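Got two chains here, each in a separate frame; can you build the complex from them with the hints?
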Amino acid sequence: MKRLLTTALILLPLAAHAVTPGEMLADPALEARARAITGELRCLVCQNQSIDDSDAALAKDLRMLVREKLKEGLGDEQVRDYVHARYGDFVLLRPPLNPGTLLLWAAPALALLAGGLALWSASRRNRQTLATAPLTAEEQARLEALTRRAE
Amino acid sequence: MIVETGHYALVLALALALMQCAVPFAGARIHDAALMRVAQPAAIAQFLFIALAYGALTYAHVVSDFSLVNVIENSHSLKPFIYKISGVWGNHEGSMLLWVLVLSLCGALIALFSASIPDRLRADALAVQGLIGAAFLLFILLTSNPFARMTPAPWEGRDLNPILQDPGLAIHPPLLYLGYVGFSIVFSFAAAALIGGRIDAAWARVVRPWTLFAWIALTLGIAMGSYWAYYTLGWGGFWFWDPVENASLMPWLAGTALLHSAAVMEKREALKVWTIFLSILAFSLSLLGTFLVRSGVLTSVHAFASDPERGVFILVILVFFIGGALTLFAFRAGSLPTGGLFAPISREGALVVNNLLLSASCATVVIGTLYPLALEALTGEKISVGAPFFNTVLIPIALPLAVLMPIGQMLPWKRGDLVAALQRLRAAFAIGVLAAAGLAAYFGTPALSIVTAGVAVYLIVGGVSDIAQRMTLRTTSIWSRLRGAPLSAWGASIAHAGMGLTLLGLAAAGWGSETIVAMKPQQSYDVGPYQLAITAITPRNGPNYSEIYAAMDVQKGGATLARIEPAKRFYPARKMARSEAGIVTLGLGQIYAAIGDAHPDGSVDARLYYKPLVTLIWIGALVMAFGGACSLADRRLRIGVARRAAPAALPEAAK
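Those protein sequence lines, which keep their order, are chains E and C. Residue numbering for the first sequence is 1 to 151, as defined by our numbering. Residue numbering for the second sequence is 1 to 655, as defined by our numbering.
Just chain C, with the same shape it has in the complex (with noise of 0.2 angstroms):
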């Protein structure tokens, strides 16, 4: 009865999905306020609605409801809790929920804060976000019914995917799909502003904390899945540039290129046309992320559950959405004013070679991922574009990139002095080059390493030398300085250091060290400057499985620092094996074992790392996001004006 529950729900949020698009939409052709209304509690109520549908299908994979197709294929009586709860977004029915979920919630969100804004703008942007809602639940019900009953039901699940049996999993989806699907509030703001044909700095003001909200969601979600497939995998990779990977990043460059285009829009009115395509972008490339990970066109190690003939649908609901919101942009785009004129060399200037690396580097991820498809499609011949090739066209455009982000930082907006900016760099620029210089003498190699680390270092400092300037300057109390600075200046600064901290921590990965090794028992092995030893391998059980660990020991100079069980797992409901990695953090690297076949002579095959600074990769990120929430935080965003000149400014200006 519950599950039948939530499957109506779902219908009914289709209903108001339908509603909230047309209703509002009328009533802001014909200038009436109480159809352009109705959009705020239809968008709460579709929310409300599909709460009900995801909280029945999780209620069903809770008690195990095994009437339930979907719980029979992906779930199993005896599967921990938090698996049974994360379970049901780890297939594909599921995932599709959870999509029109947060999707729904995007709506919610933007009926509930956006009192501020102008009535039709609302009324449209509700109209489109109800709209994508209604196709997204129209590809459920027709295609990927998560309610789908069996009988007679069986008395067993077969059990999640084993490699899904992570707390990862409960983290990783749901913070992507914030990420993904955030830019849709993006998208259907930029439709709105097209259709009004209205697009000025506020609109900018309403779109960039939105913006940033999806942005911040979106750098954990990639960092969280990152780090899962880093320790889960087994060898210590943490980006292979799988499709699915690809992904995601796609959004996140082109996301990161709207945050930027976004300020220049709120502060100077330049880059109108820019910003509303980045925006359409955005959750486009979101949408087709959605349809490769979905679809099954590409192989990847995300395809647990995907499905070809589902694939028109998404490509159909794709074409339709990315189509239209291009043909409207085609439409419009030559009408829409053009704003503030500013030279080559300020802030804005600055900004726009930003977003011409971040959308190059955007294009070149695309096309790498799509080319291997379009040339099977076209020639038969099929190539494979893998981590080599992304690595070698990326790396040159990255690292100039990151080169200029400070630079940027230190320009002022309208017209700017390059040279006086890069006066208040010498301190960065002097200590990456001296890092770089000190790695240089100690390693030696890797160049690579060497340079990007230089590289890091300078973006580090140069990120908290702007704010460290900013104390130091013109007002007299410590608290008044740190007020002074706008937050969205620290903002910057400490993602800009952020992004520098996960740089040195891929630089790192040069200085690191593999050992690959059949062990004996009691014999001990560097890694590193560490040696690892193991003192047992046991049998142990487990909720749903049952493993082999090697305990190991982590010394130094004789005392033992941790101690590590690297395992192999075994899920009797699926037959399948994998392996569980032993880590231990030590300072900011960590020592990670792998552990494989055993042989007879009592000795286990394993692979042993050393990963100095590896954490700095995810702590990185972690400040990135940090950064975004202070920018988020601004006063100036929350309240969507521009705040007043602080008043001690102006005795000294009548003076």
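The following block holds chain E by itself, in its conformation from the complex (with noise of 0.2 angstroms):
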């Protein structure tokens, strides 16, 4: 009884166990290969996780289509283009660069650019006021009195 448990336990599909050693490729360099571009691409049905750290049945057809066709001699690009064309960009977990995203891109150096920007134009006012804040009549005559006292 306790071994038929041990057995049922163990056969037990388990959650967050991603690629297995069945799938892997024999060739070091192209599972190296496999598993970069797996780990952009995202499991369509799981919650936030690449397909390579999934166990979602998906994830696995994915990383096994993926293994495919490095096999058959295809380049990453074109891999990452095939799935790319069958599942459309929410399966890049990198966005790809276009219309609809130049603005998520563009936000980092837009931030910098406008922060950049402002703090310019603070300095400047800064200066400005440093530069050009004359004294009041009151002020002139204190300050000359002082020189006076000084001298």
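It is possible that part of the hints are untrue.
Ranges of calculated distance between the beta carbons of each label pair, as one might list FRET restraints [as the list claims (entries may be wrong)]:
#, chain 1, residue 1, chain 2, residue 2, range
1, E, Leu110, C, Ser77, 49 to 57 angstroms
2, E, Trp120, C, Leu588, 38 to 46 angstroms
3, E, Ala26, C, Val584, 24 to 32 angstroms
4, E, Leu25, C, Val316, 49 to 57 angstroms
5, C, Ile395, E, Leu135, 46 to 54 angstroms
6, C, Leu142, E, Asn98, 41 to 49 angstroms
7, E, Ala122, C, Gly197, 15 to 23 angstroms
8, E, Gln78, C, Leu78, 47 to 55 angstroms
No lab work stands behind these hints, which were simulated from the structure alone. On a predicted model such as this, the values are computed, not experimentally measured, just so you know. Note that CB positions come from ideal geometry on N, CA and C, so glycine has one too.
Below, the structure written as structure tokens:
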């Protein structure tokens, strides 16, 4: 009975167990390329996981597909394009650059630029206040009194 | 009866929160001290009543009162005691209750530790705090009542989600909430300052300890969450750029920026408007995070208890507070006096650049997280913004920021000499470059790891050398030298060095190894410089689960150094399985093993990792938090007055 339970437990599919030894390609270089590609493809039925990290059946199918295509001799970019064409933008964890995502990719540069401009204008304003703020008549009188005393 | 008492206490807390909002606010407008003083007892009482409600819910969980829906859905009579306690916040209703508990705790802390601040500022701040509390109490009572009953009561509960049955649940959410909600204090003070129209260095001195307190808790909370994910998810990742992780990173980045700009405001009365803005932003991002997690608009591994209906309610709260605060800001910011001027090359200048880079990172994380939602809403296109995007755009901001950190520390206030500052960092530069060169010669790749490690070493040495140089300058005895440097300078050095440690741990990820293999018993497998071998595969029963574990020996040069037991667990109540990684820390690195399916030939699928220096990622965070604690312990902050110059310095100046 205990043995039966053991077997049953061991054969249970397990959450969060991704690439299995059986899926891996014999050629380590090819396998490394496969891992790099699958790490950037989203598992479409999961909660924000790459297919490399997911144990969902669909993720497994996609992993096999990527390896299949690599074995056929396709380049990394071609494999990615193939998956992209079949599953759309959603599958790419690195969003493609297109009119819809332009703002996203430009966001960091725009944020830095906007901040930089704001700083530049603020510092110019500061310098102007520093340079041009004239003394009031009262201050001028005090200043003269002080300089006279110092002399 | 106890449960009903808890429910009633929550309703009373709502009434108290409304009073805490209305009465002191009115008092502050008509300058009535008695009305303003209502704020403190109201805040403390509100906290006590929420604590009572919280205690009642905890009691129901501990005694497994299955007449409560919340207990049925998240508990089990056989669940270990610690998870009965932590399971209280392992679900939507309970976690919102913890949220308001921490919020009211913050209110009570303001009430207790604000003897030195002006009455009106305190009254207005507590009024705002009360208003936030009222909104969230209303949210709980109307949409997420944890005290709902069910008749007839079932015999057994459905158990807590197995992923949450972990000591991590006992530590991560409370710390995270202390951080998230801790920023509410800063928010309330900012709103109060805008209402009252008085903002000066004294305000910054009041706010900086609270910022530090929230920042320390948030730093620890994020680090703890990251370590939890690392050991629990089974493939050793520690940061996934998951929307919910981003939700905690956003206020951290804004809070870190705030910490630094508040320092400028306190010391030099500059950056006032910006500091106020950041104070509003930090808590606004916390609210946004709460909304993202609790509404279910994002698909995330954290979406264990979300509900779109409630999302709308939180969205209303969010819009009200963020919109209200920003409107107030827009009206008042123009009339705020600008403060001290400074040259671009100065401590202030460096901190401004720090704020620029941190804010840009923060904006990037916010935009990256919300962009898919916005795009889908506007055009119907679905895109994913994942780790590759964030790594690509944030590393070019983070590394220059790390390079600037020690330089900023070396610059004096007002006007600095860049060349002199760089000269003081000669040793740090040299050691950093040497480290990078050595690593490049030894490992060759990856380039990013080598550069990051070089920067990290420079950052650690740079942080330490500021303090070391303070030691060797001027005064005579070691003791007076130690005392000579203010604790906040120690804090900055330690926290910066902690950041360096974390970076070093991140860089070292590039030199780890991963082996995915069907392990045969008694056969040994190379994992980095170590060997792993399975000695036995055995079943075992836990309190509310059963598991199969593989006993593995970790060997080096034939000697067994440690034994790990990666396991697969099965929780019958929820019919869910999860993996339990086997981890051993050797030096600063770790060996990490997770097992998967077994095969008829007796072999078992396993993922074996060697992760050099990986513990530094979290040790660095602990060091950062310790640095923060040093700053918090600084007497000037505690007492709220500038420390006098050391008397010993006077005769010298007289010469």
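Against the structure, the hints:
1. The beta-carbon spacing between Leu110 (chain E) and Ser77 (chain C), approximately 56 angstroms, falls within the hinted interval of 49 to 57 angstroms.
2. Taken as a hint, the range 38 to 46 angstroms holds for the pair Trp120 (chain E) and Leu588 (chain C), whose Cβ atoms sit roughly 44 angstroms apart.
3. Between Ala26 (chain E) and Val584 (chain C) the beta carbons are some 31 angstroms apart, a value that agrees with the proposed interval 24 to 32 angstroms.
4. Taken as a hint, the range 49 to 57 angstroms holds for the pair Leu25 (chain E) and Val316 (chain C), whose Cβ atoms sit roughly 53 angstroms apart.
5. For Ile395 (chain C) and Leu135 (chain E), the hinted distance range of 46 to 54 angstroms is satisfied, since their beta carbons lie about 50 angstroms from each other.
6. Remark: the range hint 41 to 49 angstroms for Leu142 (chain C) to Asn98 (chain E) is upheld by a beta-carbon distance near 43 angstroms.
7. Roughly 22 angstroms separates the CB atoms of Ala122 (chain E) and Gly197 (chain C), a value that falls within the hinted 15 to 23 angstroms.
8. The given range of 47 to 55 angstroms is respected by Gln78 (chain E) and Leu78 (chain C), whose C-beta atoms sit roughly 54 angstroms from each other.
Of the numbered hints given earlier, the model fails none.
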